[in-house]
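The residues making up each chain are set out below.
Protein chains: 4
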Amino acid sequence: MAAKLHEECGIFAVSEGKTPLDVVTACYYGLFALQHRGQEGCGIAVNHSKNISLYRDLGLVSQVFTKDVLEKIPGGSMAVAHARYGTTGDNNRMNVQPLVINHKKGKMALAHNGNLINDFELRDELESKGSIFHTTSDSEVIAYIITKYRLQTSTIEQAVVKAMDEIKGAYSICVMTDEKLLVARDPRGFRPLVIGTLGDRFIFASETCALDTVGATFLRDVEPGEVVSCVDGELVSDRTHCKKEPKSLCVFELLYFARPDSIIDSIPVLNARLRAGSFLALEHPVQADVVIGVPDSGITAAIGYSRQSGIPYGVGLIKNKYIGRTFIQPQQGQRDTGVKIKLNAIKSTVEGKRVVLIDDSIVRGTTSKRIVQLLRDAGAKEIHLRSSAPKFLYPCYFGTDIDSSENLMAYKYTDDEMKSLLGVDSLGFLSTENVTKLSDTGIEGFCTACFSGNYPIKNNKTKNKFRLE
Amino acid sequence: MAAKLHEECGIFAVSEGKTPLDVVTACYYGLFALQHRGQEGCGIAVNHSKNISLYRDLGLVSQVFTKDVLEKIPGGSMAVAHARYGTTGDNNRMNVQPLVINHKKGKMALAHNGNLINDFELRDELESKGSIFHTTSDSEVIAYIITKYRLQTSTIEQAVVKAMDEIKGAYSICVMTDEKLLVARDPRGFRPLVIGTLGDRFIFASETCALDTVGATFLRDVEPGEVVSCVDGELVSDRTHCKKEPKSLCVFELLYFARPDSIIDSIPVLNARLRAGSFLALEHPVQADVVIGVPDSGITAAIGYSRQSGIPYGVGLIKNKYIGRTFIQPQQGQRDTGVKIKLNAIKSTVEGKRVVLIDDSIVRGTTSKRIVQLLRDAGAKEIHLRSSAPKFLYPCYFGTDIDSSENLMAYKYTDDEMKSLLGVDSLGFLSTENVTKLSDTGIEGFCTACFSGNYPIKNNKTKNKFRLE
Amino acid sequence: MAAKLHEECGIFAVSEGKTPLDVVTACYYGLFALQHRGQEGCGIAVNHSKNISLYRDLGLVSQVFTKDVLEKIPGGSMAVAHARYGTTGDNNRMNVQPLVINHKKGKMALAHNGNLINDFELRDELESKGSIFHTTSDSEVIAYIITKYRLQTSTIEQAVVKAMDEIKGAYSICVMTDEKLLVARDPRGFRPLVIGTLGDRFIFASETCALDTVGATFLRDVEPGEVVSCVDGELVSDRTHCKKEPKSLCVFELLYFARPDSIIDSIPVLNARLRAGSFLALEHPVQADVVIGVPDSGITAAIGYSRQSGIPYGVGLIKNKYIGRTFIQPQQGQRDTGVKIKLNAIKSTVEGKRVVLIDDSIVRGTTSKRIVQLLRDAGAKEIHLRSSAPKFLYPCYFGTDIDSSENLMAYKYTDDEMKSLLGVDSLGFLSTENVTKLSDTGIEGFCTACFSGNYPIKNNKTKNKFRLE
Amino acid sequence: MAAKLHEECGIFAVSEGKTPLDVVTACYYGLFALQHRGQEGCGIAVNHSKNISLYRDLGLVSQVFTKDVLEKIPGGSMAVAHARYGTTGDNNRMNVQPLVINHKKGKMALAHNGNLINDFELRDELESKGSIFHTTSDSEVIAYIITKYRLQTSTIEQAVVKAMDEIKGAYSICVMTDEKLLVARDPRGFRPLVIGTLGDRFIFASETCALDTVGATFLRDVEPGEVVSCVDGELVSDRTHCKKEPKSLCVFELLYFARPDSIIDSIPVLNARLRAGSFLALEHPVQADVVIGVPDSGITAAIGYSRQSGIPYGVGLIKNKYIGRTFIQPQQGQRDTGVKIKLNAIKSTVEGKRVVLIDDSIVRGTTSKRIVQLLRDAGAKEIHLRSSAPKFLYPCYFGTDIDSSENLMAYKYTDDEMKSLLGVDSLGFLSTENVTKLSDTGIEGFCTACFSGNYPIKNNKTKNKFRLE
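Protein chains in written order, with our numbering: chain A, 1 to 469; chain B, 1 to 469; chain C, 1 to 469; chain D, 1 to 469.
So that you can see chain A by itself, here it is in the shape it has in the complex:
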């Protein structure tokens, strides 16, 4: 389990239209805007004269889509792109999306953000009938289920709507066929998905920041349960699965995953984080000299805390922005001897001060502990740690990579034990109650399962996600 939790993907797609547009380049920029959602690998599938070409590989957008590679990808009329969050292992190039497959009625490219909870059962059933699987991803399961219904229905839209009866869990998907581009969002809307316009074209993206990146105008969110396809330059919507179930947007989209300049289901992400900071200041006040945030995602909540509390906001930690995937980690021994490679404390901000330190969440606690030590070394007199997420107690089955309670600090230890282990003077978490009030316009409907254990969909199995590789 990672020290931080991670999202599992970003989607970007461009529909057909008369507006002149290099759809591959648009996808390239769209992927850059969504890179924070997935850094393991990325791909672009482009439809050119009803053929689908695919290029995908492990690595960041800048590593995968070099000038050389971009030049080799044919231009096309529409395209779908995907950025994938990565687990470890060298073996998983097969899992990079979009997935492009051939079935009886044609070709299909599929990009998926989320996590099914019944993929194991569906896979088992498919295998019993002779299906073979090339990947370990639930996306291939979705592709099979859609194909199954595609053979029985006259349109891809109908196939997707029917498939949604079978697939359970969190998913925002985009499907491109020889002819069409469509998206679907699961009935509870766990993961975001938005629609923008660029001339007469439509853009689908996981976040609005990707629309801004290509100069598109935000139109609306895809509704939970909705299937939206582009037909003759119009959006056609199927709402069969809408409003049957309450909305369950993952609250971590607001607190941590999404970019601060995105607006998700009408909630500006930056505002949600400022509000998280304000709630924290109200719930866990303290006498202090300065409020600092852990970069990058603790910064905004720190500003919110400062505004509410009146304690000045300061820059207390600097992150080295050049450290990326290829960085060679120091060995264990070095790590313990005061090496400050990724983060450094600013002495002039914290020396002799009572510091309020805002982090976005506490998962295993190891990172927080190291940061606290950094600040102590820099002379902080008191450290009051505040987490803008509630206590993380339960595993998530809907698309983050926390799959058991086992290593969750808040699950294993009491508050006093945590305080002592982290070396802080006080410790406070946002309450689960307030985390549902992050919208400043009263919007509701969040999944808080990882804090509360109230899972919006029943899930009675231990998942075995990685069987093949």
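Incorrect hints may have been included.
For chains that are exact copies, the list does not tell them apart, and a pair is met inside one copy or across any two.
Heads up, simulated BS3-like pairs for lysine-lysine below, C-alpha to C-alpha not over 30 Å straight-line [as the list claims (entries may be wrong)]:
(1) K105 to K458
(2) K458 to K104
(3) K437 to K381
(4) K247 to K180
(5) K104 to K162
(6) K342 to K72
For the record, the hints were derived by calculation from the structure and aren't laboratory data.
Chains B, C and D: place on chain A using the hints.
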């Protein structure tokens, strides 16, 4: 269509055993020995503690398996490797083998050399039942068919034997499961497949030269129709499909594809080529001063021609051995102005001489024409072109890339027209009759369909090989 | 001329010592900490058994020093590293440092940060005597001058002290010989240079943040004019050139170049920026709703402005942190149509608001103009631009890349013209007077030539920096 | 010391002219033709509008000059290219040529093939006057000496002629300035250098095969001692250093280094090798069944032996042509267990036969020993080893990499000992007398120092070639 014809693959595999062996490194060397059979891409699938890890990519063995990559591949108990011949296109990384799939009863790695003739029908039938395809290769069809029978039978061997009832055409395949390693050769034995021993381990390879490379001892050829698996350190053979049909070894394996140091179905390749040269000298004698061969594969037949005719053998053409896949071709204009990059003639050998020029085959004639011009420029007085293969008249459906008669020079032109187009003083082809006598021990059973039109298996469809990508 | 001004390098070196340390890895981490000072190329020269091995290339530290490369560099007793800021051109791998040369008395590695003003004259004189130059950098000139004196003196320290009589301008250099490691800082101290300790070893670095990175303890700054060498585990100092001239630290080190967590000549960089913001608020007050900074280096001054003015600090602009050197720029047409790739505005922060926008400087004005437009598009009602640097009016000859007044916005236009061109409601620059008061402990001695035209060293020639390549 | 001896470089250059020509592409093809002369690194320096751009790196032509790199090199009016033979070490990118330097009177690109014998003295003298060296190559010494005289003379030609008074040893050099292209060959003509024409342009190259490659016509060899420059479309020759000393062409150029299709100083290389084989048959006859050659350079001498002796020529050894620089060598243990990766024997050629085996030379004997073992394993009854070079007894100071007698088999052992160590039935070397008769037109003037110890130039020092790195 390429100017030369091309083989489509090489297989190499190592069974379990107590003999200490780094199976991945053995595969690496095995692939080097079989690189001539396929230069598009290559891969190694290794079984470690019943998990199968796969690494494959486009490129030569030396490009794909760098030190870095080899270090990342886990060691294992057995492994299967594949070198693939490449059609053009950047998109076909998916088609690189081995194919590794997951089915109801476990995992399976598959490496395939050959070409099915009913893959289109089989694929169509599978798709009608909801199957999806990730690749355009017939290997994925074979994987599905084996999986189908695997669900109905208790062993992988039985599944392969039953699958062989359905799949038609040329194939030498290797299958590795969690537990077992096995190979199968089609009932007519179009493509070679040999067994060697290395201590208590078995090695399967497309050619004996790969056995030599790893220090293994040749045991025997896999029989046409035979399924051979390694069970508890013993070879277990199923001969259900043996001897029902006559053997049809592709004669180009002897003339062109295989390495001269290999022995295929008891025929030393080098000897077969010497005999081809001798037959040519007998069928198409000429008064001349020197016999030269087109490097690399015309050399041996030239020596054979020289020995039979008494005309001295000489080195008349030099090939630049550094020109590989990444070489940037001269543009059309440059090519016409005497540029001699890949091949150069040796003036001192040919100037003022009557030259017998031996090439392994004449496909489109463009290469031969350019070589003749090179020799003329170097001062050759007469040029007598001899092809150690008969006239190429019919497409091949069994694993070479000549898929229509359309551009075949011998199909389009009369002998006189060819002579004139190629600019030679005389022209002679090995007869189809003699091409079946290339073995010096009277071994028979060759496919000569591309010369004679007598196809060993009926094939009543135009194939549409590349549908997906 | 670039839109922003740029520093020209960072130095990092590790002395001999008994404290166990992998000096190459230490340099690797040191370079990461100094990457912001130079992103064109980097190198490490390591002394192993009195041999000097060098590895250097164009690219970021993470691109040049891959795992593969690091493994090939031999371990050693001491090492010197360099990160170089890059001008355009593919040709300049030769210019990447350290420079390693061979002279009569041995080997020498040289790393240099700064810019000579008499390198043209020195080079000319050297060439007249038959010297040849491989690079276009003034570092090679320094190497020649040191070598000249090395032949006349008995120690490298003496040679460097004498060389300092000849070389004029801004320089912080590090020299490693077969036997010794030493550093020198020009008599006016234009560029920073610090000393740290790590066990019994000494670390030299351009900034203190690099000391923190490797867990070293800050000892002191190298004094302007000082030559410091490591002899038998002790620091030996030569102060021949000290205190003859007043100090002239480049004020941009504080405002822009250095990392906020560094302390330069006793001035914490973050504090200097907060003070710049406070001075701005005092000099150019305005009624507004929110203060925002241009990331990354305008952020701190914005916080300072907010604190002084009482106007709330907010996050109004988000920078895409994944866009690096290999990013493929949008074409001109795309750039004009609202594409927001590198920076995006946050609507919820600025919409309907009177915004104070703090940038670190205004050079050509093109970037500022684009940012103002972004904020207008996001709904900002008023925009009050404040530059935490004074008006940029004169070229710099001491190590930044502004080599003429030609494109400097403040030089070309009046205040009113600038306001209009930038599209802002008001515009204010920090005064030159206050820029010399950035230290909160009254430390003085800054170079403000680019604002005031008062050059600390006379320079009566147009420089011709790039003659060779 | 390597198992085989190695040449140290190839030169290719294109003069100015009106004939339309992409000079960079011409150099690219020229380097491919000369790749056999040097595989460590390569470079192209191009003159565009009197600026010289340089691109060079470690690696083969195909690795260094990728499409991407070629596109970045500016077009130009003339160019000079170099392929370098490589010693080991990662550090020597600096040594890759051409060398481009700046001196008082302009720029100069220098490409050099050969080896000075007084470079140590010259370097020492230069260093005593303050010169610094970036490389360890004698090319930099040559550049300094030419520069020295360039300051005293009015033309580059005069400078080169004067420099030739000082530099001693083997050299074929090409110099390109802002204005001119010229070549010089040392007074004894150790290394080849030829002139060709392509329209009104001149091509200089180490071998004629490079002229053929670009479609140029051979004009003549550069004479030993001659300086040839291109002035206004004419060749201008300075013969100051011609005919003062007898010619001393390295005999290994004919036997081993040069490509068989090249003609060196009027001697067709292929013929020289055939004659070497014939002489061997006359000097060391034997009763045998087949003559085989060690690929690639033993092949032609084997054909010569066969023709003279009447014993049939056969193909007995196959070399894997895919094994290149990045191939990962088997470890010691594997190498001993019958692994046949680079070379394999052909059983059908040698089994039960008395074999004459022709190799081009025997240096340390290790390779020969392994080949003999291969043939024994394949069933050869008798093995009669013949070397087409005489016994290698003395070090070479003129450009090959045998720098001491220490590991030379023929120096250390008697004939009987050698026979026994190599495991052969008989052993014969070409006599030094006959090696001077390799020309079939009676041309004389060879350096046979490595066989006879008669050094054409006195050389009384142990060279210390690699001081810097």
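Comparing the hints with the structure gives:
For the identical chains of this complex, K105 and K458 are inter-copy neighbours only, at 28 Å across copies versus 34 Å inside a copy, given an alpha-carbon limit of 30 Å. Taking the shortest alpha-carbon separations for K458 and K104, only the inter-copy value of 26 Å comes in at or below 30 Å, while the best intra-copy value is 34 Å. Taking the shortest alpha-carbon separations for K437 and K381, only the inter-copy value of 29 Å comes in at or below 30 Å, while the best intra-copy value is 33 Å. Only within a single protomer do K247 and K180 lie at most 30 Å apart by alpha-carbon distance; the minimum there is 28 Å, versus 49 Å between protomers.
Taking the shortest Cα distances, K104 and K162 sit within 30 Å of each other both inside one copy (17 Å) and across copies (25 Å). Taking CA atoms no more than 30 Å apart as the test, K342 paired with K72 passes between copies only; the shortest distance there is 25 Å, against 36 Å inside one copy.
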